[in-house]
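Visitor: For the record, the sequence lines run as chains C and S. Mind the numbering: the first sequence is residues 4 to 66 in the working numbering, read in order. Mind the numbering: the second sequence is residues 8 to 779 in the working numbering, read in order.
The reader is advised that the hints may include incorrect statements.
[To be verified] Partial list, computed: chain S residues near chain C (C-beta under 7 Å):
| hint | residue |
| --- | --- |
| 1 | 268 |
| 2 | 276 |
| 3 | 277 |
| 4 | 284 |
[Unchecked claim] Examples of chain C residues lying across from chain S (beta carbon under 7 Å, computed):
| hint | residue |
| --- | --- |
| 5 | 22 |
| 6 | 26 |
| 7 | 28 |
| 8 | 29 |
| 9 | 30 |
| 10 | 46 |
| 11 | 49 |
| 12 | 50 |
| 13 | 51 |
| 14 | 52 |
| 15 | 53 |
These are calculated hints, taken from the structure and not from any lab test. From a predicted model like this one, the values you see are computed outputs, not experimental measurements. Note that beta-carbon positions come from the ideal geometry of N, C-alpha and C, so glycine has one too.
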Amino acid sequence: MKLSDVMSNAGLAVYAEAGLVLFLLVFVAVSVRLFRRGVHEEFSALSRLPLSDDSPVAQEDRA
Amino acid sequence: MTFALARLTMIDQRIEPTSLEPETTPRAEGPLERFVYDDAIVRKFATATTVWGAVATLVGLWLALMLVVPSLSFGLPQLTFGRLRPLHTNAAIFAFAGNALFAAVYYSSQRLLKARMFSDKLSNFHFWGWQAIIVSAALTLPFGITQSKEYAELEWPIDIAIAVVWVAFAINFFGTIAKRRERHLYVALWFYIATIVTVAILHIFNNLVIPASLFKSYSIYAGVQDAFMQWWYGHNAVAFFLTTPFLGLMYYFLPKAANRPVYSYRLSILHFWSIVFIYIWAGPHHLHYTALPEWASTLGMLFSLMLWMPSWGGMINGLLTLRGAWGRVAEDPILKFFIVGVTFYGMATFEGPLLSIKSVNALSHYTDWTIAHVHAGALGWNGFMTFGMLYWLAPRLFQTKELFSRKLAEVHFWIGTLGILFYIVAIYAAGVTQGLMWRAFDETGRLTYPDFIETVVRILPMYWVRVAGGGMYVVGVLLCGFNLFMTWRMRPAEYAEVIQEAPALSRYSGEEPSFVHPDHPTMAGPGLYLRYFSRATWHRAWERKPLRFTVWVTVAVIVASIFEIIPTFLVKSNVPTIASVKPYTPLELYGRDIYIEEGCYNCHSQMIRPIRAETERYGDYSKPGEFVYDRPFQWGSRRIGPDLARIGGKYPHLWHVRHMDDPKSTTPQSIMPRYAWLLEDATEFERIQERVDVMAMLGVPYGDAVLRAEQMARAQSRTIAADISSQGGPSNLQDKKIVALIAYLQRMGTDLGKLAKENPQVARTEPETRTP
């Protein structure tokens, strides 16, 4: 028996739909975590990371 | 590699989670360290970006001209549309956008990680290796050395080189992460990580081939499966080579240029994860109504539609980063480039899901609509983000106070924007016009435009507008090159090496994310898991753990790919076999290789969709079982000329000879170039055996031909040449390439008809080849 015989009879019809639901759930989970209260301050600090490096011209710009 | 991973693991163990307080600079710092960023490598990549940008767009302009003035190929094989189009796409994607994304990665990663690149040697190996690959592409594609899979045309030796250079890049990048001095990985870096991991996977799996010689190989996948792999690759190359790294670029350089943080950091996290989780599934939307199983293309469509949300979230995030700085947009060409670039990202990612809807796709596919769509993305999004970055970088990299001329950059912006608009509006019109003409029926139920050429002639004026628009864009690119060159000339005698200072990372002392409630250590249950999940800590903890983070991105990509790919490969009912479909004869196989070399697939599809307008025009629709010996598949993606899936037996041999010698002799208004050399170049009969052997090795039941492919090919060649001669054609063609090509063309799509002859009953009840 070949691998393709096994796979053909494994009843994979719902395979793709299961994947769809799974990935949708992950998406919802990430969204829930991101939009709860209290993360704003934390993220606002993180979002300043690119502005805190020191390229000489950038400093002159800011001055 | 081991070394880099070991260091990653070390860091991984050293840094422990975590507290709720934001911390952008580590608190329990190690000793203060001094270091210098490597900007020389960024200068190199930026220069290469500019040079290849000019090359890619100039070749594109030349191709656009050739579509209206086909004689511009001057009868030279190297200058035909079919051979040059892959050069244009590869140059635009891998040379122009590739070097741009490397410049962005090398500049921003060092600064975001507060560390010099892991190894200068690897940086330079990456740079020179990549340029060598581009040059080798330019030296092989015009000579017909191609795998004929779109954006993966390069033959196997170059593919191996790409893999080696990419691994060097990965070691260098992850090595830099390992020695970083900033604990948190900023969102741009995640996009880079996703790029590096996914491109490696895509590249390897789509390019699995068995070489027949140094410059010729056959795909290990055949027909439907090959098509599926190719568009899994093709779609995700757009996602992870042209989208994610440029989003990283956007999330770094846009805040820099606007001098304010990104509008919403959490939107950027959502943007990242949804792209990683959703994009990889969407590939089958390139194959609607083809012989691909229907469930796969429906899945591709659904996931494409889901992409609407994160893409627009990203666009809005980019645009709103300029809140309170809109006044500066008026005077700053860099911000203008970014704003229009991000807007084109929004437009292209709105249009992508739209085109993936089956009923829209039925009209748009194979027309110029797709061409307009990709140029909105490439010229607008990738191009303009790159130019914005280059103009911002130039004075910093060349250490001049200012750009040579802001005014010139302003001119570039306007001429480029207008160029894009002229280009895409004309080509949208051309696409919709031709699509509607193809499907038009008159009141008697017959095709209104049965002659394909009518639908071509109608859109030629729009092609001229494209030439004008493309020309304007090219002028802009050249202005950019000039501006950067003049800025470079203003550089100091010696570049200053600015010494940076930052504390080394040390042990992290913070709160552990825990399932255990601090006050009730014995308590357990779903509530605590929920608490753990809803705390801000776990994702941030991840972000500090690059190794684990990378692993999860890889898992997401691989799981999605496996879910999608395995059923197509292993469930037999997806590709029902058709008894009368037999392998190509040795001569037909060689003829097929000529078809591949000449890049015929760039203008002709081999896929009749089950749509009445198509079966009426071309014949019975294509079945999955018809392609089981096609390595690689040749379904094509654009019909500049008609579909060829059932061309076999439609015309006499002599018609093909005349048509190849000069297409205008059979179709006076044809825009196909001449292929006169096929009547002169000799068939390399002695190379046929090795190709048959590789096919046999891949499981094609070649029987006798394994022993005497050459004799069989010579015999078939004599028969066809005799026919041509008896039809009144030239009598000296029997060892010429044209005969091999005709052998293939006359075979194409005819096997299904043999089924009807052998067993009419079976033919009538020929199974619905799509799985429900």
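Visitor: Against each hint, give a clear statement of whether it holds in the structure.
Guide: Going down the list of hints, with the structure as the test:
{"no.": "1", "hint": "268", "result": "holds (4 Å)"}
{"no.": "2", "hint": "276", "result": "holds (6 Å)"}
{"no.": "3", "hint": "277", "result": "holds (6 Å)"}
{"no.": "4", "hint": "284", "result": "holds (5 Å)"}
{"no.": "5", "hint": "22", "result": "holds (4 Å)"}
{"no.": "6", "hint": "26", "result": "holds (5 Å)"}
{"no.": "7", "hint": "28", "result": "violated (10 Å)"}
{"no.": "8", "hint": "29", "result": "holds (6 Å)"}
{"no.": "9", "hint": "30", "result": "holds (6 Å)"}
{"no.": "10", "hint": "46", "result": "holds (4 Å)"}
{"no.": "11", "hint": "49", "result": "holds (6 Å)"}
{"no.": "12", "hint": "50", "result": "holds (4 Å)"}
{"no.": "13", "hint": "51", "result": "holds (5 Å)"}
{"no.": "14", "hint": "52", "result": "holds (4 Å)"}
{"no.": "15", "hint": "53", "result": "holds (5 Å)"}
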